[in-house]
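Asker: Read top to bottom, the protein sequences are chains A and B.
For the first sequence, my numbering gives the first residue as 1, with consecutive numbering after it.
For the second sequence, my numbering gives the first residue as 1, with consecutive numbering after it.
Treat the hints loosely; a few may be bogus.
Here are the simulated DSS-like pairs of lysine-lysine, each with C-alpha atoms no more than 30 Å apart in a straight line [stated by the list, open to error]: (1) B:Lys243 <-> A:Lys116; (2) B:Lys34 <-> A:Lys136; (3) A:Lys111 <-> B:Lys168; (4) A:Lys173 <-> A:Lys119; (5) A:Lys136 <-> B:Lys63; (6) A:Lys116 <-> A:Lys136; (7) A:Lys136 <-> B:Lys46; (8) A:Lys116 <-> B:Lys168; (9) A:Lys136 <-> A:Lys111; (10) B:Lys168 <-> A:Lys119; (11) B:Lys174 <-> A:Lys111; (12) A:Lys119 <-> B:Lys243.
Reference listing, derived: stretches of chain B covered by chain A, where coverage requires no fewer than 3 residues with Cβ under 8 Å from a Cβ of chain A [claimed, not checked]: (13) 116 to 128; (14) 158 to 167.
Please keep in mind that the hints were generated in silico from the structure rather than gathered at the bench.
Note that beta-carbon positions come from the ideal geometry of N, C-alpha and C, so glycine has one too.
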Amino acid sequence: MQPEERSASIDIENVNHLFAGGVRAVCDATLRIHAGEFVSVVGPSGCGKTTLLNLIAGLIELRDGRIAVAGAAPLAGRNDVAYMLARDCLYPWRTALENVMMAGEFRGVPKAARMKRAKELLGRVGLADFENHYPKALSHGMRQRVALARTFSMDSPVMLMDEPFGALDAQTKLQLEDVLLDLWNAEKRTVLFITHDLNEAVTMSDRVVVMSPRPGRIIADIPIPLPRPRSVRALQKDPHYHEIYSNVWSRLEEGLSQNGVHPA
Amino acid sequence: MKTEIQRNSPTVLIAQIVSLAVFLLLWEWAAKTKTVDPLFIGQPTKIFAYLYQSTVVDQVLLKEAVWTLSETAAAFVLGSVAGIAFGLLFVLYEPIERFLDPLFSALNSLPRIALAPLFLLWFGLGPLSKIALGLSLTFFIVLNNTVAGARSVDSDLIILARMLGAGKARIFFKVTLISAVPTIFSGLRLGLIYALLGVIGGEIIASQHGLGQLLSLLANTFETNGVFAVLFFLAALGVTLSKLMSAIEAYLLRWR
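Using the sequences and the hints, build the whole thing.
Answerer: Structure, rendered in structure tokens:
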């Protein structure tokens with residue numbers, strides 16, 4: 001393993017998190033994500049998966065346990081960590097291009113360089129003709145494409161994504177999943193992908209980590225042996241994929257029942 | 001959208017012009033036949049004659065308007081700058097807001113025109129007392145809108161800016177402040193009209209110059225036509241200022 005790759009791993013050891021008021025959000029989580037790996041965390045809503053992500057992002061203070069991102073403690077605004085939400089969070093007063101250029105602006109990248117990179121990425125997500133549009137003039141799916149381009153513009157080896165396609169319709173979601181996989185194939189990053197959609201998790205990831213309902217504990221960690229590069233849309237008709245999917249589903253049920261939870 | 005089309009359609013415009021003409025004719029007739037004493041309502045033809053005389057021939061109205069407008073501009077600029085500055089200070093350092101709140105609430109609830117005698121005493125009969133009165137109105141409007149605007153910033157946009165690597169100062173200037181601009185702007189639009197109100201009010205109470213002073217002089221000498229002429233002029237002035245602000249706003253906030 002190259003040292004550069006090792007540096008982009010995420011290590012989570014015995015992490016617990018209690019919110020004020022005693023709500024236990026994360027319970028004894030231990031997880032290792034290797035450099036260049038695409039790992040999804042699935043679980044019912046409210047199971048603490050977003051809390052886990054925000055602990056890794058440094059947005060929530062870690063009080064119990066150990067987290068190392070590329071060998072260092074979590075910190076919001078690190079250059080080597082990119083972050084994306086279900087909401088596009090585009091700045092409405094900035095055009096699509098200016099939004100994609102924003103990360104570079106905050107990180108001191110020279111203007112010409114960040115503009116070149118932003119234009120390239122907008123082209124890759126299929127929005128070359130919409131550079132100068134304000135977010136209000138873009139559709140939901142297009143805005144999320146811009147957000148995706150902005151996330152990649154950070155050139156960070158680690159990407160934290162919190163249900164980035166959760167608010168999109170099924171069709172647009174499939175499209176954007178493929179856009180993300182294409183970008184990821186071209187520029188390998190370590191991805192931690194939060195979702196409640198098992199189908200999405202299986203098609204995209206190298207590993208699917210299952211969390212139980214609150215208090216969220218990790219109950220299964222399942223490798224997905226589908227070959228790369230993948231096409232999310234092509235996989236929908238692939239029998240091998242369905243086999244793996246049902247396998248993951250039974251492991252998930254097993255995990256849930258072992259933890260005293262009966263899936264509906 | 002539909003109402004806008006209807007409002008701008010030629011039918012509506014024609015109806016507006018026709019009713020205005022009918023209204024003016026009735027007014028003219030009532031005054032001429034003394035059905036209503038023209039001392040109270042003036043007479044349209046004489047009002048327009050006064051308007052023509054005072055804007056084109058001896059330009060009295062224009063000269064006085066220059067006084068009023070300069071005072072309004074000074075009151076507006078000073079009041080807005082101070083309002084935005086204090087508003088941002090309040091958002092950045094909440095204890096300052098809590099400390100000043102009782103004083104500011106009391107001042108803001110006070111009918112501002114009641115301060116006019118004191119301002120006259122402090123700043124004299126000249127422009128300064130009018131500027132102070134206008135400023136005292138504009139300041140609080142802009143202040144409140146600035147605070148409201150900066151507080152209502154979308155928290156996800158702040159979180160994202162942090163993750164993108166922005167520091168506190170950058171987040172403040174590039175996210176908080178910009179997202180407050182629409183709310184600040186509606187405060188500025190209102191603040192401008194209130195600056196004009198304060199200045200005119202001050203001039204009516206005691207002054208040597210300005211449209212308010214002219215208005216009060218004309219009314220005291222029973223020059224009703226002149227009073228109406230000044231009122232028409234003021235209405236036109238107010239509408240023009242509002243439209244000007246809207247145009248600036250539409251340009252600056254074209255992303256909305």
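Asker: Run every hint past the structure and note whether it holds.
Answerer: Status of each hint after checking the structure:
1. B:Lys243 <-> A:Lys116: violated (40 Å)
2. B:Lys34 <-> A:Lys136: violated (59 Å)
3. A:Lys111 <-> B:Lys168: holds (21 Å)
4. A:Lys173 <-> A:Lys119: Between Lys173 (chain A) and Lys119 (chain A) the Cα gap is close to 23 Å, so the pair holds against 30 Å.
5. A:Lys136 <-> B:Lys63: violated (46 Å)
6. A:Lys116 <-> A:Lys136: holds (24 Å)
7. A:Lys136 <-> B:Lys46: Violated, at about 52 Å.
8. A:Lys116 <-> B:Lys168: holds (27 Å)
9. A:Lys136 <-> A:Lys111: holds (25 Å)
10. B:Lys168 <-> A:Lys119: Holds - the C-alpha atoms of Lys119 (chain A) and Lys168 (chain B) are around 28 Å apart, at most 30 Å.
11. B:Lys174 <-> A:Lys111: Distance ~17 Å between Lys174 (chain B) and Lys111 (chain A) Cα, so the pair holds.
12. A:Lys119 <-> B:Lys243: violated (38 Å)
13. 116 to 128: violated (count 0)
14. 158 to 167: holds (count 9)
In the structure shown, a violation is registered for the earlier hints numbered 1, 2, 5, 7, 12 and 13, in ascending order.
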